Amino acid sequence: MKYFIKKIITLIITLLFISLLTFTAFSVIPGDAAVSKLGVDASPEAIARVRAEYELDQPVLTRYVHWLEKALHGDFGQSYKYDTMTVTQLLQSRLPVTILLAVMAFIIIIVVSLPLGMLSARYAGKWVDMLINQVTQITMAIPSFFLGIILTVIFGLVLKVFQPGGYVSMEEDMKGCIEYLILPAVAVALPKIAMVVKYLRNSVLSEMKKDYVRTAYSKGNSVNQVLYGHVLRNALIPVITFVAMVAAEILAGSLVIEQVFSIPGMGRLMITSISTRDYPVVQAAVLYITSIVVIINFLVDILYQLADPRVRTA
Amino acid sequence: MKKHNYSLIIGLILTGIILIITIIGQFWTPYDITGMNSMAKNQAPSLMHLMGTDNFGRDVFSRVMNGCGTTFFVAVSTVVIGCVFGTIIGALTGFYGGLLDEIVMRINDVLLSFPSVLLVLIFISFIGTGKYKIIVALGVMFIPSFARIVRSEVIRYKSQEFVRSAQVMGAGNLRIIFVHILPNTVVSMLTAAAIGFNNAVLAEASMSYLGLGVQPPDPSLGRMLSEAQAYIFTAPWYAIWPGVVIVLIILGFSQISEGLRAISD
Numbered sequence: 001m002k003y004f005i006k007k008i009i010t011l012i013i014t015l016l017f018i019s020l021l022t023f024t025a026f027s028v029i030p031g032d033a034a035v036s037k038l039g040v041d042a043s044p045e046a047i048a049r050v051r052a053e054y055e056l057d058q059p060v061l062t063r064y065v066h067w068l069e070k071a072l073h074g075d076f077g078q079s080y081k082y083d084t085m086t087v088t089q090l091l092q093s094r095l096p097v098t099i100l101l102a103v104m105a106f107i108i109i110i111v112v113s114l115p116l117g118m119l120s121a122r123y124a125g126k127w128v129d130m131l132i133n134q135v136t137q138i139t140m141a142i143p144s145f146f147l148g149i150i151l152t153v154i155f156g157l158v159l160k161v162f163q164p165g166g167y168v169s170m171e172e173d174m175k176g177c178i179e180y181l182i183l184p185a186v187a188v189a190l191p192k193i194a195m196v197v198k199y200l201r202n203s204v205l206s207e208m209k210k211d212y213v214r215t216a217y218s219k220g221n222s223v224n225q226v227l228y229g230h231v232l233r234n235a236l237i238p239v240i241t242f243v244a245m246v247a248a249e250i251l252a253g254s255l256v257i258e259q260v261f262s263i264p265g266m267g268r269l270m271i272t273s274i275s276t277r278d279y280p281v282v283q284a285a286v287l288y289i290t291s292i293v294v295i296i297n298f299l300v301d302i303l304y305q306l307a308d309p310r311v312r313t314a
Numbered sequence: 001m002k003k004h005n006y007s008l009i010i011g012l013i014l015t016g017i018i019l020i021i022t023i024i025g026q027f028w029t030p031y032d033i034t035g036m037n038s039m040a041k042n043q044a045p046s047l048m049h050l051m052g053t054d055n056f057g058r059d060v061f062s063r064v065m066n067g068c069g070t071t072f073f074v075a076v077s078t079v080v081i082g083c084v085f086g087t088i089i090g091a092l093t094g095f096y097g098g099l100l101d102e103i104v105m106r107i108n109d110v111l112l113s114f115p116s117v118l119l120v121l122i123f124i125s126f127i128g129t130g131k132y133k134i135i136v137a138l139g140v141m142f143i144p145s146f147a148r149i150v151r152s153e154v155i156r157y158k159s160q161e162f163v164r165s166a167q168v169m170g171a172g173n174l175r176i177i178f179v180h181i182l183p184n185t186v187v188s189m190l191t192a193a194a195i196g197f198n199n200a201v202l203a204e205a206s207m208s209y210l211g212l213g214v215q216p217p218d219p220s221l222g223r224m225l226s227e228a229q230a231y232i233f234t235a236p237w238y239a240i241w242p243g244v245v246i247v248l249i250i251l252g253f254s255q256i257s258e259g260l261r262a263i264s265d
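Top line first, the protein sequences correspond to chains A and B.
Heads up: the first sequence at position 254 corresponds to 254 in our numbering, and the numbers run straight through without jumps.
Heads up: the second sequence at position 184 corresponds to 184 in our numbering, and the numbers run straight through without jumps.
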């Protein structure tokens, strides 16, 4: 119990720290938001009015407390660029797309890499293992956005089963949306599959050297019985933490891949907002994404602890 | 019989070839890299144009040769920044320990839990885009991973016999850290540098692809990919070749790091 409380307190401190960092970082960047909204030719009075409207004339700390208070209520203010929409509305329309993409990629990774990793460990040193090792080496070297382009060429140009840019929104057609997201999800997943396979293989192999495995063999278990009945559950424990890292990587990969397949998610929103200096949006997007990563890490720590009570004492 | 270190050999050969082509590309290219030719738009690869031409009739091979230079420049600079600052921070915190060590390592933990592409994206959103800004962003992002490696190595060595002997002989702490301990960490640092180099190439290409990294007129493999995407169905080679070169660079360095790891084991 003490462990959980400690973890939760750490989580809260980290989140506060991140929010403070995000806020101050955006407060000190050169380039006045009022100027970037009105243009350099605007009159000083107009600029002063906009500065007051966005509270840019207040001290940083006051603004932070104010901002955090509003942010906790889900209010991140107005976008500079999309005048009619609040930042929260913008994010809410974009976030589900990115999350759907990331979840799909995650499912693909788990479904493909667990069997491959076990296969690779089962036949360690044999040709199956060597083949898997070589293929994963190569897929790890392919940046996901380039993989996306290759997939577009293969499925769009050669096989003609995919229409790039033909994204349909979730509300319009859930099935069509998922279908469109399959290729992007594969592009995000493939390099990560390689990482998980390699990690799982090494984890299984190091477990196989332990005493309990020898005992299991001496009791007359077959290789498969030992592997799936005894080794797998122990070998998966370190993989859990690794998967957390992968989850964060998937999120990052999804942000980039959205650009390749013109998917209107968080990534595209963030990139357009960075280029147009729409800081309230960037600020909120950064806060959302970092919080998601921190919370994933927190959940995995908890999960890890439940799977292996020994870490609690560590 | 000693087993050959094929990973290292393959990695060195691959990287060597790309490096030679890149260096040549900084002084001489088959065609002018900005030279447009309306007669030769979107041509498929041929003996005239090894990697074809782009939508302005520019030779893709020449642009790739030159663009690799930017990639290497960014990657090497970031690894140097990360390595130098990471080594100093890691060595000092590892050697002296204490509260500062605790704080620095906590910050490291948080930073390391973020994927580098994401961190750089966040950093870029603070400081803006451009070749030097991306170097700063990437360099700062790589400090924690180097610091962590050096720190653990320093902790491993600092209670060993040879360090004690040096202390007895009157060597100061700084001399012990930099003259006696750090030379022992070279192999693991090289492995880390090779991995860092890979991440840097990947992150730079991603950011330039997104239009947030290297800006025109500097050539960049990542940006070539994003420019090429509009012509993906009429001139697929324009997108494929720069991408393949990125993959080869990463593959070369991952083989080298694999080989180095085999040595250190």
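Derived from the structure by calculation, the hints contain no laboratory data.
Keep in mind the model is a prediction, meaning the values are calculated, not measured.
Ideal Cβ placement from N, Cα and C applies to all residues, glycine included.
Accuracy of the hints is not assured; some may be wrong.
Unchecked claim - 16 Å max Cα-Cα, derived EDC-like pairs, lysine to aspartate or glutamate:
#1 A/Lys198 x A/Asp129
#2 A/Lys160 x A/Asp129
#3 A/Lys7 x A/Asp211
#4 A/Lys7 x B/Glu258
#5 A/Lys2 x A/Asp301
#6 A/Lys198 x B/Glu258
To be verified - Over the 10 Å line for every Cβ pair with chain A, so calculated as not near, a few chain B residues:
#7 Gln26
#8 Trp28
#9 Phe61
#10 Val84
#11 Val110
#12 Phe114
#13 Asn173
#14 Arg175
#15 Leu225
Said to hold, decoys possible - Sample of chain B residues with no beta-carbon within 10 Å of chain A, all distances over it, derived:
#16 Ile18
#17 Pro45
#18 Val104
#19 Tyr132
#20 Arg156
#21 Val163
#22 Leu174
#23 His180
#24 Thr191
#25 Ser206
#26 Pro217
#27 Gly243
Here's how the hints hold up against the structure:
For the hint pairing A/Lys198 with A/Asp129, the CA-to-CA distance comes to about 10 Å; that is within 16 Å, so the pair holds. This hinted pair does not check out: A/Lys160 and A/Asp129 have alpha carbons roughly 34 Å apart, beyond 16 Å. Distance check on the hinted pair: A/Lys7 and A/Asp211 sit about 33 Å apart at the alpha-carbon level, beyond 16 Å; violated. Restraint check for A/Lys7 and B/Glu258: the C-alpha separation of about 36 Å exceeds 16 Å, so the hint is violated.
Between A/Lys2 and A/Asp301 the CA atoms are separated by roughly 14 Å; this keeps the pair inside 16 Å, and the hint holds. For a cut-off of 16 Å, the pair hint linking A/Lys198 to B/Glu258 stands: about 13 Å separates their Cα positions. At roughly 24 Å from the closest C-beta of chain A, the C-beta of B/Gln26 stays outside 10 Å, upholding its exclusion from the interface. Non-interface call for B/Trp28 relative to chain A: holds, since the shortest CB-CB distance, roughly 27 Å, exceeds 10 Å.
Here B/Phe61 stays apart from chain A, with its beta-carbon at least about 18 Å from theirs, past the 10 Å limit. Listed as a non-interface residue, B/Val84 keeps its Cβ farther than 10 Å from every Cβ of chain A; the least gap is roughly 24 Å. With a least CB separation of 6 Å from chain A, B/Val110 falls inside the 10 Å interface cut-off, contrary to its annotation. Look at B/Phe114: its CB is around 6 Å from the nearest CB on chain A, not clear of 10 Å, so calling it non-interface is violated.
Even its closest Cβ contact with chain A, about 30 Å, leaves B/Asn173 beyond 10 Å, as expected for a residue assigned away from the interface. Interface exclusion of B/Arg175 from chain A stands, the closest Cβ pair being 35 Å apart, more than 10 Å. Distance check for B/Leu225 against chain A: the nearest CB is about 6 Å away, which does not clear 10 Å, and the non-interface claim fails. Against chain A, the non-interface label of B/Ile18 holds: every CB pair exceeds 10 Å, the least being about 13 Å.
At the 10 Å boundary, the C-beta of B/Pro45 stays outside the reach of chain A, the nearest C-beta of that chain being 15 Å off. Consistency note on B/Val104: stated as away from chain A, and its beta-carbon is indeed over 10 Å from all of that chain's, at 14 Å minimum. The claim that B/Tyr132 is not at the interface with chain A holds, since no C-beta of that chain comes within 10 Å of its own (minimum 15 Å). Under the 10 Å C-beta cut-off, the non-interface status given to B/Arg156 relative to chain A holds; the minimum distance is some 19 Å.
Residue-level check passed: B/Val163 sits 28 Å from the nearest beta carbon of chain A, beyond 10 Å. With a least beta-carbon separation of about 32 Å from chain A, B/Leu174 lies farther than 10 Å from that chain, consistent with its non-interface assignment. No Cβ of chain A approaches the Cβ of B/His180 within 10 Å, the least distance being about 32 Å, so the stated non-interface status holds. The beta carbon of B/Thr191 sits about 16 Å from the closest Cβ of chain A, which is more than 10 Å, so the claim that it is off the interface holds.
A beta-carbon of chain A comes within 10 Å of the beta-carbon of B/Ser206; the shortest separation is about 5 Å. For B/Pro217, the requirement that its beta carbon stay farther than 10 Å from each beta carbon of chain A is met, with the minimum near 18 Å. For B/Gly243, the requirement that its beta carbon stay farther than 10 Å from each beta carbon of chain A is not met, with the minimum near 4 Å.
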